[in-house]
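Just so you know, the sequences run in chain order A and B. When we follow the working numbering, the leftmost residue of the first sequence carries the number 1, and every step to the right adds one. When we follow the working numbering, the leftmost residue of the second sequence carries the number 1, and every step to the right adds one.
Note that these hints are calculated values from the structure, not bench results. All C-beta atoms in this analysis are idealised placements derived from N, C-alpha and C, irrespective of residue type, glycine included. Heads up, a few of these hints could be off.
[Unchecked claim] Capping the alpha-carbon separation at 30 Å, the derived lysine-lysine pairs in BS3-like fashion look like this:
id : chain 1 : residue 1 : chain 2 : residue 2
1  : B       : K126      : B       : K17
2  : B       : K324      : A       : K5
3  : A       : K37       : B       : K321
[Said to hold, decoys possible] Label-pair distances were calculated between CB atoms; the ranges are:
id : chain 1 : residue 1 : chain 2 : residue 2 : range
4  : A       : D38       : B       : G201      : 16 to 22 Å
5  : A       : E79       : B       : L270      : 40 to 46 Å
6  : B       : N159      : A       : S46       : 32 to 38 Å
7  : B       : S8        : A       : R84       : 54 to 60 Å
8  : A       : E79       : B       : H151      : 41 to 47 Å
9  : B       : E181      : A       : S46       : 27 to 33 Å
10 : B       : R198      : A       : Q28       : 45 to 51 Å
11 : A       : K57       : B       : D310      : 20 to 26 Å
12 : B       : A307      : A       : S27       : 19 to 25 Å
13 : B       : G169      : A       : G58       : 47 to 53 Å
14 : A       : S27       : B       : K20       : 55 to 61 Å
15 : B       : D309      : A       : D38       : 26 to 32 Å
[Stated by the list, open to error] Chain B side only, calculated, beta carbon under 7 Å to chain A, not exhaustive:
id : residue
16 : A86
17 : I88
18 : K90
19 : N256
20 : L260
21 : D310
22 : K316
23 : L318
24 : I319
25 : K322
26 : E323
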Amino acid sequence: MKEMKVTVKNEYGLHARPSSLMANIASQFNSEIKIIKDENEVNCKSIMNLLLLAAGKGTVLKIVAHGEDEDQALEAIRELVEVRKFDED
Amino acid sequence: MEENARLSGISVSELLKIDKEQNSILDLTVVSGQEGFLKKILREEINRPGLSLAGFFDCFAYDRIQIFGRGEVAYLEKLIKDGNTANIEKFFQYDMPVCIATHNYEIPKEVIDLSNRFGIPFLRTKQSTKRLIALLSTILADVFAPFVTFHADFVSIYNIGVLITGKSGIGKSENVLGLLERGHKFICDDMVKVKKIRTPGGFELKGESSVNLGPFIEIRGIGIVNLSQYFGEERILKSERLSLIIDLQEWNKSYNYDRLGLDEMYENVLGVDVPKREIPVSPGRNIPLLVEVAAYREIMRRLGYNAADDLDKKIKDLIQKKEKEVV
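Could you put the whole structure together from the sequences, leaning on the hints where they help?
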């Protein structure tokens, strides 16, 4: 089990399109991937779960991955959130 | 899509058959010239032969359907009364597809003889000239419309024509049974002819059976089923406007299916963009229900509502509210 913290950097935060991108990327890995924000823990492969976080710009999310490809999964999600900024902005 | 064609023409007997199929709306009866029943009508336009009967044969559009209204018939009678039939004879030497007289006017015997001699069919209708021309234009526009043929099923869901495509064996026909069970209507199975019809607002696509043999469907493991016997005649339609394409696909793990529905997909059919959704098929998915919901979504889209948009706005509002709380 590995974990990592990422900061949401795009203007509108984790709304529909970013959530869909994140769920699609997470779905490509076999690992179980969870996102933790405050007291909420959600499944990273579910769009509806991600939307419920209502994570705005600047929010810090803890990503927890568990499985054979956990390292690659964490790196892919970090890249999406912090580097690609969900292809927005 | 398998071909892109346009009918090259219909014979006079085919025109009579179409009229019969449409409850004799044109009300055509045969006067003479049966020998020419296999003559092809190659053009959508019609012609009023007044000028030619008066002796002016330049630019005579003889390859069109010739309509004899009150004026033409009266002129024929006058020519015959005057013993001046040279123009009529010359007229019948042109290779015309068919002549039609309106208002059930009596056709002079001399004209009937010429029509028989040259094998030019002469028909008659009790319709007025104006109405005949309007009806003929509609029917011929349909006959001559460009079309493509799809290996697909075509159903009407909430009056939305839905074309269901997908590989052979993916379950298109079974899906149609499920949709009929849910109360929707059947148009055709396996071969769907989609025509491009001109309308006052542009073009629209109309789907119908490419060969109208009846509401038969083939279900693997059962065989041929007559749907009108099983579900009732009222659940069978002859044609419908094509409004949505559903492509059934084998589930491909690495393909990113649309999970939001924020963006619309289209398929271009004969130059008209038709909304399209791809639905992955896998065990446990109730495909008829999914297709029905996709049709419902299409109705809502036309009314300007998109659920993904709606939810997205709500989430953005929620995020903003939270940000304000933090500040």
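Status of the hints after comparison with the structure:
1. Pair hint K126/B plus K17/B holds up; C-alpha atoms about 18 Å apart against a cutoff of 30 Å.
2. Of the supplied pair hints, the one linking K324/B and K5/A holds, its CA atoms being roughly 23 Å apart against a limit of 30 Å.
3. A distance of roughly 17 Å separates the Cα atoms of K37/A and K321/B; the hinted pair therefore holds under the 30 Å criterion.
4. Against the hinted window of 16 to 22 Å, the Cβ-Cβ separation of D38/A and G201/B comes to about 54 Å, which falls outside the hint.
5. Between E79/A and L270/B, the C-beta spacing of about 43 Å keeps the proposed range 40 to 46 Å intact.
6. Between N159/B and S46/A the Cβ separation comes to about 35 Å, which falls inside the hinted range of 32 to 38 Å.
7. In this structure the supplied range 54 to 60 Å holds for S8/B paired with R84/A, their Cβ-Cβ distance being about 55 Å.
8. Taken as a hint, the range 41 to 47 Å holds for the pair E79/A and H151/B, whose Cβ atoms sit roughly 42 Å apart.
9. A hinted range of 27 to 33 Å for the beta carbons of E181/B and S46/A is consistent with their spacing of about 31 Å.
10. In this structure the supplied range 45 to 51 Å holds for R198/B paired with Q28/A, their Cβ-Cβ distance being about 47 Å.
11. Distance hint check: the CB atoms of K57/A and D310/B are about 22 Å apart, consistent with the given range 20 to 26 Å.
12. Between A307/B and S27/A the Cβ separation comes to about 21 Å, which falls inside the hinted range of 19 to 25 Å.
13. Here the CB-CB span from G169/B to G58/A is close to 52 Å, well matched to the stated 47 to 53 Å.
14. The hinted window of 55 to 61 Å between S27/A and K20/B holds, with their beta carbons roughly 58 Å apart.
15. D309/B and D38/A have their C-beta atoms about 28 Å apart, which keeps the hinted 26 to 32 Å range intact.
16. The beta carbon of A86/B comes no nearer than 79 Å to any beta carbon in chain A, farther than 7 Å, and the hint placing it at the interface is violated.
17. Taken as an interface hint, I88/B does not check out: its beta carbon lies about 74 Å from the nearest beta carbon of chain A, beyond 7 Å.
18. The criterion of a C-beta within 7 Å of any C-beta in chain A is not met by K90/B, whose closest approach is roughly 73 Å, and the hint is violated.
19. Because the smallest distance between the Cβ of N256/B and any Cβ of chain A comes to about 5 Å, under 7 Å, the interface hint for this residue holds.
20. For L260/B, the shortest C-beta to C-beta distance to chain A is roughly 5 Å, which falls under 7 Å, so the interface hint holds.
21. Interface hint status for D310/B: violated, as the beta-carbon distance to the closest one in chain A is roughly 10 Å, over 7 Å.
22. With 7 Å as the threshold, the beta carbon of K316/B comes within range of chain A, its nearest partner Cβ sitting at about 5 Å, so the hint holds.
23. A cut of 7 Å between beta carbons decides the hint on L318/B: the least distance to chain A is about 4 Å, and the hint holds.
24. At its closest, the beta carbon of I319/B sits 4 Å from a beta carbon of chain A; the interface hint therefore holds under the 7 Å criterion.
25. For K322/B, the shortest C-beta to C-beta distance to chain A is roughly 6 Å, which falls under 7 Å, so the interface hint holds.
26. A distance limit of 7 Å between C-beta atoms decides the matter here; for E323/B the minimum to chain A is near 5 Å, and the interface restraint holds.
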